[in-house]
Each structure stands twice: as structure tokens, then as C-alpha cells.
Amino acid sequence: MVQDIFDPEYFDGVLNVMQADGTLKKVTSRYQDVFIPKGDAKVVAQGEHLMERVPYYCVSVPGESDWCRKTVAENDTMDVDEASKVKKRPVEDISSDVEQVPQSQENVSKKSNIRAEQEGKHVKKANHMENLKSATPIPKKGDLTCIVKLYQETDWKLNDMIEVVGILGVGSSSPPESSLESDFMSLEISARQPPASLVPRVHCISHKVNPTPTGLETLSQSQCEEIRPTAIRLLMDYLEGDRLAAEYVLLWISSGVLSRVDDVIVGKLSLALTRVGENSKLQLLELLHSILPAAQEIALNVSELCASSISPKKCYQSNKLQAGRLQTCNRTPIVVDETKLEEGKLDKQGIQNLQALVQVATKQTVTYDFQYYTKDWPVDLPMIVVSGNKSPLVSGTDCNIPLFPSVCKPRKDTLYNLPELRSYFHTIRNNTGREFAIGEDCINKIQADFVAARQRDSKNIHESDLHVWLNLARLWEQSHGSDSLSLQGWQAVQGLEKERRERATT
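Quick note, the sequence shown lines up with residues 1 to 506 if you use full-length UniProt numbering.
To be clear, the hints were calculated from the coordinates, so they are not data collected in a lab. Be aware that a few hints might be false.
Said to hold, decoys possible - Derived CB-CB ranges, DEER-like: (1) LYS42 / ASP7: 54 to 62 Å; (2) GLU304 / HIS49: 51 to 59 Å; (3) SER206 / VAL14: 37 to 45 Å; (4) LEU168 / GLY215: 19 to 27 Å; (5) GLY215 / PRO37: 57 to 65 Å.
Here a beta-carbon is modelled for each residue, glycine too, at the ideal position from N, C-alpha and C.
Take these sequences, add in the hints, and give me the full structure.
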């Protein structure tokens with residue numbers, strides 16, 4: 001995921017290199033950090049072909065599911081100094097048996113300087129590691145970080161998920177260590193040019209935005225029809241056997257922002273599962289990680305809300321964007337767990353975090369804090385709130401479904417074809433952006449039903465409800481693999497809405 005975008009780098013793209021035999025040869029310096037002539041060759045002319053490349057600071061996809069990761073890098077690597085100690089140990093053992101010779105003041109001074117230099121390196125390494133943590137929204141074992149250098153123009157944006165084929169940079173373009181100490185911009189340089197051993201450089205040759213995870217297929221309409229009942233059973237197993245909740249969660253998973261018209265976010269669907277007890281066995285995050293490429297959970301409690309910002313914030317000391325929990329790839333579902341929310345006082349940071357969650361649920365925007373100003377960044381993050389009672393966050397969702405656990409215990413031991421189900425959810429999520437048709441007979445039926453609903457309950461039925469109904473009907477049809485609304489689909493959604501509203505009044 002693109003976590004930050006740095007200022008462009010300018011370099012000499014074509015170098016004149018004098019070969020050992022005296023001949024002059026033009027050589028490109030693209031796709032490498034440092035140009036090193038071969039043998040006795042040397043660069044004799046520079047600065048004639050100025051070129052530009054843009055560094056993109058990239059991190060592993062936040063909340064990425066384990067099955068979606070092809071390879072997981074072990075981050076429990078041995079420290080370089082520890083490794084050197086292992087190699088030096090036999091020598092130390094031998095020298096310990098030799099009589100100690102008095103050391104001169106000069107030798108003591110040299111050792112002190114070496115020790116101070118090593119301590120300085122440890123401090124700098126710790127600073128680099130802290131910078132890495134601040135750029136990772138949801139740290140996870142096996143996370144990778146790199147700086148991708150792009151040579152061609154592109155429309156990459158913050159939070160885009162990208163797949164890159166490139167050349168691994170060798171060497172370093174960082175300034176020498178000695179110059180960093182006297183440079184007043186050392187913090188910025190340290191953050192933007194971390195050691196290549198921690199943050200490799202990749203020179204991009206080819207790329208793809210929002211690639212399809214390996215192993216997922218696009219299913220036909222008949223296949224979607226066939227697999228949908230199995231998907232509902234899977235959801236019921238994780239929702240305490242509640243079929244109505246499973247239907248709504250299925251539609252929520254497939255939802256996504258289609259367009260923005262004034263204050264109306266077309267396609268958005270936010271849910272709330274209420275009347276969920278503290279001892280509930282809901283495992284929504286586990287469910288989502290089993291079928292989707294990525295998902296994340298935000299546990300709502302006073303200490304977590306007040307701890308740090310969940311929205312990205314610009315640090316001008318390092319001139320770098322510090323990540324927040326809400327900086328993630330579009331279409332990443334967010335589960336907000338309110339069941340552990342206790343009484344307490346929120347400070348300014350806690351109030352801002354709560355407002356940020358309400359903003360995602362209602363407006364699908366995240367406010368980026370640039371200290372001197374703020375900017376609302378449009379996002380597409382389906383949100384579901386799990387709560388015991390009604391709260392301000394629940395009130396901001398489109399549909400509130402009181403959970404009614406089934407008397408029959410759900411069968412968690414059922415064997416599901418997860419690869420097939422993942423392809424199903426991948427298909428219906430991709431169907432969201434397709435053109436959708438509504439026939440004349442359906443339009444007349446929709447108008448008649450809405451007028452009748454307003455006449456029955458004008459206080460609680462508004463234009464916003466019609467928007468939600470149309471959105472649910474579209475998602476219901478697309479969950480069956482269809483790209484047009486039928487009377488059957490409209491009536492099915494009206495039945496779901498009737499049952500949901502009846503639950504809310506009991």
C-alpha cells in the first residue's frame with residue numbers, strides 16, 4: 001500500500017563513461033541507486049540529461065489476511081552486532097587466557113571512540129525503527145516496507161494497493177553518516193532515507209493498481225446463485241445462527257462507494273449489530289479474514305480512544321506522514337467493537353477519534369491532519385458497529401440490526417470450500433461497480449411502495465430510507481450474480497427491512 005509520497009528526485013539519466021581502452025560510451029543510470037563504473041572505466045561528463053523519478057513509501061497492506069500473503073518474511077532477524085559477537089567469541093575465549101598487557105592512553109581513547117560510535121549507531125537504528133512503526137497502520141509479523149521509485153507518470157494515490165515488478169536497488173543514496181550529525185535536516189533525511197537494510201529500494205519497471213489476489217476467480221451468475229446459500233450458512237455460523245443478520249452482513253460485505261453527489265454517498269452501506277452481550281461469541285474479524293483479502297477491527301474503549309490518533313498526521317520534523325488505523329486500502333471492512341466500552345472521560349484525542357469513526361460511517365471521509373490545516377480524504381471503507389446498546393456511532397449507520405441468536409447452536413465444524421467462497425465474495429464485490437438496470441415495472445412498484453410506506457409512517461420514513469432500500473435491492477441482486485433489479489429482488493429486500501424494523505420495536 002502507498003503510505004506516503006516523497007518529493008521527486010532528479011538525476012542524470014545518461015552518463016558519458018570513459019572505458020579502459022579510451023572509448024566513450026553512453027550508459028543509462030536509471031533503475032539503480034548508485035552508478036558504479038565497471039573496472040577502470042570512469043564517468044567523464046554528467047548533468048546533460050536531467051531526469052525525474054518519484055519515491056513512494058510503501059508498506060504491507062494493513063489488516064491483510066494470512067491466506068492472502070504468498071510469503072511471510074520473518075522479522076525476528078538476528079542483530080548485526082549479535083551476529084558479530086558469535087563470530088568473535090572463539091577469539092575472545094583464546095585471548096582471555098593470555099596475560100593482559102597494560103594499554104596506552106591512545107588505545108583507550110580509540111576504544112572509547114569506537115564504543116561511542118557503536119552506541120550512536122544503536123540510537124540511529126532505534127530512531128529508524130521508530131520511523132518504520134509510525135508508518136505502519138496495523139503492525140503485523142511479516143510486514144514489509146520499501147521505497148518504490150517510479151520513473152514514468154502514473155496516477156498512484158495515497159492508500160492505493162499496488163503490485164510492482166522492479167529491480168532491487170544496490171548501494172545507498174543516503175548522505176554519509178558524518179554529514180547527518182551537522183545537518184539541521186537530519187531528522188527528515190533519516191525518515192526519508194532510512195538504511196536500505198531496513199527499507200529496500202525497488203526501481204519499478206512494471207506495476208498494477210488494485211491487483212486481484214492469487215487464486216481468486218470471477219464466477220458466473222449461475223455459480224453465484226449456487227454458492228450464495230452456502231455463504232449465508234457460513235455467515236450464520238459466525239453470527240450466532242441469526243439468518244437476518246447474515247443476509248445484511250452479506251450485502252454489507254459486497255457494498256462499496258459508487259459516486260458522490262453533494263452530500264449523498266451512492267453505494268455506501270454501514271451496519272450496526274446491536275443487543276450484543278459482553279459474552280457474545282461473535283467473531284466477525286475471524287470471519288472476514290477467512291474470506292476477504294483484508295479486514296481490521298477497532299476495539300472501542302476509553303484507553304484506546306485516548307491513546308493516539310487513528311487518523312493520519314503529518315510530522316514536519318521528519319516531513320513524513322504518520323499512519324493511523326484509518327489509513328488503509330479502499331474496500332477494507334472495518335469492525336468497530338463497542339461491547340467492551342466502559343464508563344470514563346474522553347480527552348481531546350479520544351473525542352477526535354470518535355468523531356473520525358462517525359465521519360467514516362456517515363460521509364466516507366478521513367480527515368488528514370497537516371497541523372496547519374486539515375484535508376478530508378475520500379475513502380471507501382465499509383463499516384460495521386458491534387454494540388450492546390444504541391450509541392452515537394450506531395445512530396450514524398444506515399441499518400441497525402438487533403441480534404437475535406438462534407435457539408439451535410451454529411455448526412462451526414462444518415467443512416466449507418473456502419477458496420470457492422473467497423471467489424464468490426470477490427465476484428460480488430467486483431459486481432458493485434458494474435452497470436445496473438431497473439425496469440419500468442420495478443420503478444412503478446418502488447414508487448407505489450414508498451408512497452404507501454410514507455402514508456403509514458411519515459415520521460420515520462424519509463427520502464434517505466428510499467436510498468437505502470434501492471442500495472439494498474441492488475446489492476441483493478448482485479449477490480445472486482444479476483445486474484438488473486427484478487420484482488422478486490425488490491420484494492425480498494422489503495421483507496428483510498420489515499423484519500428488521502419489527503425487531504427494533506420489540
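- Message: For a quick check of understanding: which of the numbered hints are violated here, in increasing order?
- Response: 1, 3 and 5
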